[in-house]
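K.L.:
Here is what each chain is made of, one letter per residue.
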Amino acid sequence: MEKFKSIIRDYPFIAFIIAFIILAFVPSVVFTDVYQSHLATLIFVNIVVAAGLNIVKGYCGQVTVGHVGLFAVGSYTAGTLFLYLGLGFWATLPIAIIVTAFFGVAMGIPSFRLEGPYLALATLGGGEAIRLFIENGNFFRSTFGISDIPTPSIMGYNFDSPDRYYFISMTIMIIAVYFSFSILRSGVGRAFMSIREDPICAAAAGINVKKYKILAFILSAMFAGAAGAVYAHMPPGYIHPNNYTVIEMVTFLAMVVLGGLGHIWGGIIGAIVITIVYDLTRPLYKYQLLIFGLTIVLTILFMPKGLGGFIDRYFLEKRFKKKTGTEKTT
Amino acid sequence: MILKTKQLSKSFGGLKAINKVDFELPKNEIRGIIGPNGSGKSTFFNLVSGIYDSDPGSYIEFDGHDITFAPPHEIATYGLSRTFQLLRLYQDMTVIDNVMSGYHTRVPYKFFDAVIGRKKIWDQERAIKEEMMELLSFVGLADYAELNASELSGGQRRLLVLARAIAMKPKLLMLDEPAAGLSPVNVDNLMKIIMQLKEKYGLTLIIIEHILKVVMDTCNSVTVFDHGQKIAEGTPAQVKDDNAVIEAYLGKKMDDEEMRKALAV
Numbered sequence: 001m002e003k004f005k006s007i008i009r010d011y012p013f014i015a016f017i018i019a020f021i022i023l024a025f026v027p028s029v030v031f032t033d034v035y036q037s038h039l040a041t042l043i044f045v046n047i048v049v050a051a052g053l054n055i056v057k058g059y060c061g062q063v064t065v066g067h068v069g070l071f072a073v074g075s076y077t078a079g080t081l082f083l084y085l086g087l088g089f090w091a092t093l094p095i096a097i098i099v100t101a102f103f104g105v106a107m108g109i110p111s112f113r114l115e116g117p118y119l120a121l122a123t124l125g126g127g128e129a130i131r132l133f134i135e136n137g138n139f140f141r142s143t144f145g146i147s148d149i150p151t152p153s154i155m156g157y158n159f160d161s162p163d164r165y166y167f168i169s170m171t172i173m174i175i176a177v178y179f180s181f182s183i184l185r186s187g188v189g190r191a192f193m194s195i196r197e198d199p200i201c202a203a204a205a206g207i208n209v210k211k212y213k214i215l216a217f218i219l220s221a222m223f224a225g226a227a228g229a230v231y232a233h234m235p236p237g238y239i240h241p242n243n244y245t246v247i248e249m250v251t252f253l254a255m256v257v258l259g260g261l262g263h264i265w266g267g268i269i270g271a272i273v274i275t276i277v278y279d280l281t282r283p284l285y286k287y288q289l290l291i292f293g294l295t296i297v298l299t300i301l302f303m304p305k306g307l308g309g310f311i312d313r314y315f316l317e318k319r320f321k322k323k324t325g326t327e328k329t330t
Numbered sequence: 331m332i333l334k335t336k337q338l339s340k341s342f343g344g345l346k347a348i349n350k351v352d353f354e355l356p357k358n359e360i361r362g363i364i365g366p367n368g369s370g371k372s373t374f375f376n377l378v379s380g381i382y383d384s385d386p387g388s389y390i391e392f393d394g395h396d397i398t399f400a401p402p403h404e405i406a407t408y409g410l411s412r413t414f415q416l417l418r419l420y421q422d423m424t425v426i427d428n429v430m431s432g433y434h435t436r437v438p439y440k441f442f443d444a445v446i447g448r449k450k451i452w453d454q455e456r457a458i459k460e461e462m463m464e465l466l467s468f469v470g471l472a473d474y475a476e477l478n479a480s481e482l483s484g485g486q487r488r489l490l491v492l493a494r495a496i497a498m499k500p501k502l503l504m505l506d507e508p509a510a511g512l513s514p515v516n517v518d519n520l521m522k523i524i525m526q527l528k529e530k531y532g533l534t535l536i537i538i539e540h541i542l543k544v545v546m547d548t549c550n551s552v553t554v555f556d557h558g559q560k561i562a563e564g565t566p567a568q569v570k571d572d573n574a575v576i577e578a579y580l581g582k583k584m585d586d587e588e589m590r591k592a593l594a595v
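One line per chain: the protein sequences are A and B, in this order.
With the first letter of the first sequence counted as 1, position 25 gets the number 25 in the working numbering; the numbers rise by one all the way through.
Every number in the working numbering is 330 more than the matching position in the second sequence, counting from 1.
Chain B extracted, bound-state conformation (with noise of 0.2 Å):
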């Protein structure tokens, strides 16, 4: 198991974001979160990521720590990585700056040296640089690597904020709507580049998606939130005939004379 909570809960307020989730992914899984929106997926990944402090009485473990005090940095140099569903892509840096930036928990050399400016600092840096180019001719943003993360189109954005997540080499990679806006020609291209990806550094996913089709040809399993529950999990043919995820998802299933009824009013 790479990942696992015990009774994960969040409120705010009288709100309960997230109430008792219990949660387990094993390595190399290609995990789909779906729910209807405020169903708490993306406080999930909150939670997991520490950027929020889960509520008492949680425990989330990853990868053999125990993460439920950490803060956001230390989860990542643990080999977490995830991106967000606003993008917060660094608007005002370079293309390059941005992927090279996600590298920052893998940079090996100590603050002094930098100080001091040995040449050592800057054949690493070039080398790090070497790397951060490749991966963005592997995503396709080779020519943009000196213009500004503004200048990109929304397409090119995703894939970017996709290559900073990656840069970090983690072990999970915590996909938030990553296919969120892009046209389906767009979102087939994104979906073969994760899938490279994957297979490249060996990754275990989780993607939470609106596009059904993404997550279902996609992951080996899914998990269904609603109201901060899981309400279902299995492979994607089973969660799709489960009632409750009909329900809470798609909308109700009808029988004929339901159907009837309501399109007669």
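If we strip away everything but chain A, and leave its shape as in the complex, we get (with noise of 0.2 Å):
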């Protein structure tokens, strides 16, 4: 065992093999119909998107509400890209991923000057002007939404149902957790929680602060673009400004704010919790909302960091108690 866990310190991607391996067997063993396959890919789709979130929000204390902008801008490239030049999946996501890049490069612009509340007035006007741009443009099939998008396919095999689709979006759900692990571990992590605490003091640890605020909003962005386009490339492949709105944006917020923000699972946690929520609470959809609300009201009020920050500290007390004899307890 212990010879185990060294191994997985050395080399973490062994880990995610290994999950990877799990996660493969999970609908043939675990899942009952088709559906389900369905939800899970809303959750992987999820994962990465609140992973990205976390990295600028969580961890360098960007207040962002413009994200759901730059997932559509993932979707949307992905969509054009199939509309005018019928490129499949394998194009068009390292593309989206690209193209968000640069969105999220010009969403991370205001935070040199604003912060907090102001920053978050000026990506909620960001993320909220990419969506009527698509909507109100004829180029990007506005009112009817981008049907048929095709799903991928490797060597003939086409993952054109909800339960193969799964492996599509699993795969890529590991690969972007995998990064943002590596990133938020190393000293990069570091700098970025720096900047949250104290901008100037950052500064003057030698942190570049704007070089690492337009890092965070750029690694963010391509999480987005990322998750954009799995989600443009789903069966049955339709896309509709209207599921980019602020209430995607709230869902979203909620999942890294129950998660925890700033923890290094908190996104993930949030993600699979919120997504499997808001299933569940399909037939009351009229509250739907009020719940989210609610919800991010009630984890900053009584769990600051959130379910990851919970566990966390429990973990942490036991370790403190065994080490000095005494209760920590704040």
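Heads up, a few of these hints could be off.
As the list claims (entries may be wrong) - Here chain B is said to cover these stretches of chain A; the calculated rule only asks that three of the stretch's residues, wherever they fall, bring their Cβ under 8 Å from a Cβ of chain B: (1) 1 to 11; (2) 168 to 182; (3) 188 to 201; (4) 205 to 217; (5) 308 to 321.
No lab work stands behind these hints: they were computed from the structure.
We put the beta carbon where it would ideally sit given N, CA and C, even for glycine.
Take the two lone chains and join them into the complex the hints point to.
P.N.:
Here is the structure:
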């Protein structure tokens, strides 16, 4: 066991390969109908977005409310590339990531001057502007949405049903989470956190604040772009501007906040919980927004570090007690 | 000379917070800066460390680099580290993360290696963590490494801020009121740790401090500020007897006749 642990410590990607193998067997062992695969794909898409949002909001502390706009950019890059050039998933995915990264730069520039609620307002404007631009341009097939976006295929095998597409979204999710782990556990993640806590002190400690802020925006935009492309190509391959409104933004926020802002697992836990709750409460659709709004407020009030921080705290206190023999309760 | 300023000025509107200060600091010296509140001591620190831009005509040189217009993160990479009067602790980070973030300028790997997550990154991260744990146990905070910085007591916070500033292995360390709010015993302990760190890392120190005992006992030389100007400089003994200093900082020296009058009223 010790040896296994040290191997994982040196080569963390092995843990992700194991996770991949386990998740690969889930559909055939656990799932009973196709809808569950579809739901799993939605969870994976949300995990990718939430992991990216956690970088910029949870770690770097830049309150961005325009992330759904970046998600839309990812989807619509993939959609329009198919519509006008007939490109498939493997071409649209990298292009969508790159294009969204550029939009991430634009979204991040206000953060040089604004912070807190003011930055939130600016990015909210940015996200809404993107949606309105898509909605009002005939170029993007605004009213009808783009339909029949093809599913990817590898060597003639087409991932054309939800239980097949599961593997595509799962792979992308595992890769994205792996990257977010490597980034956040290294010195880059620490630099992000110092900027969140105190930009002036971070600058005095040798951290280039502007560079790292824009880096956080670019990274999280790339995550959102990848998620957007995966979402666009998800069977039945239909995207519409109504799927990228402030309501979706609140859902993404609820994920990150519930999971734990600035917790390495934060976005992932939150995305799983919220997506499942969202699905279970569909009959109560009138109250869904109310529930998510309440979730955000109550989590911030009573569990400021979210579920992730709550679990961490439990183990930390156990360890501290073992080490020093005293209680540490705060 | 490790630090040199010429005609350093900074005004906020009409107020001249720093007015044409020429300052020179040789290597390995411990320089104390004293002066009444609002005399420009902290502004001087902020100008040197690049947090404020100085007024036109100023010149600052650090270790052979012209840093007059350099941004703070660049100045830090030349080896200048500082603490803040208001600590500016990273409250929501663990103690060890606080110290490790001070290591930033010395992190050896590149960003893309970190994204890919190569093995050497994790080896180097572990080495950094070990080194920083050593530093933490040196200042006596090793047991608290995994706690949030906000859970430390006032005295421990001062030690943590000191450790964080040392983590980058600076050439020059500027301490802004390191002992403010500490009890006499803790002050002695802190100064002992600072002196040990100076020996260990070969630091040059500038200390702003209001506790005169600390300044007189530990500093090789003292600079006195008043109304943004340098009014005296010399060894602690010289400065202590300087009339301008006594007037500005300790109050006016009175002869017996004046004293009697003042007390009679």
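K.L.:
Where does the structure disagree with the numbered hints, that is, which hint numbers, in rising order?
P.N.:
Checked against the structure, no hint fails, so every one of them is satisfied.
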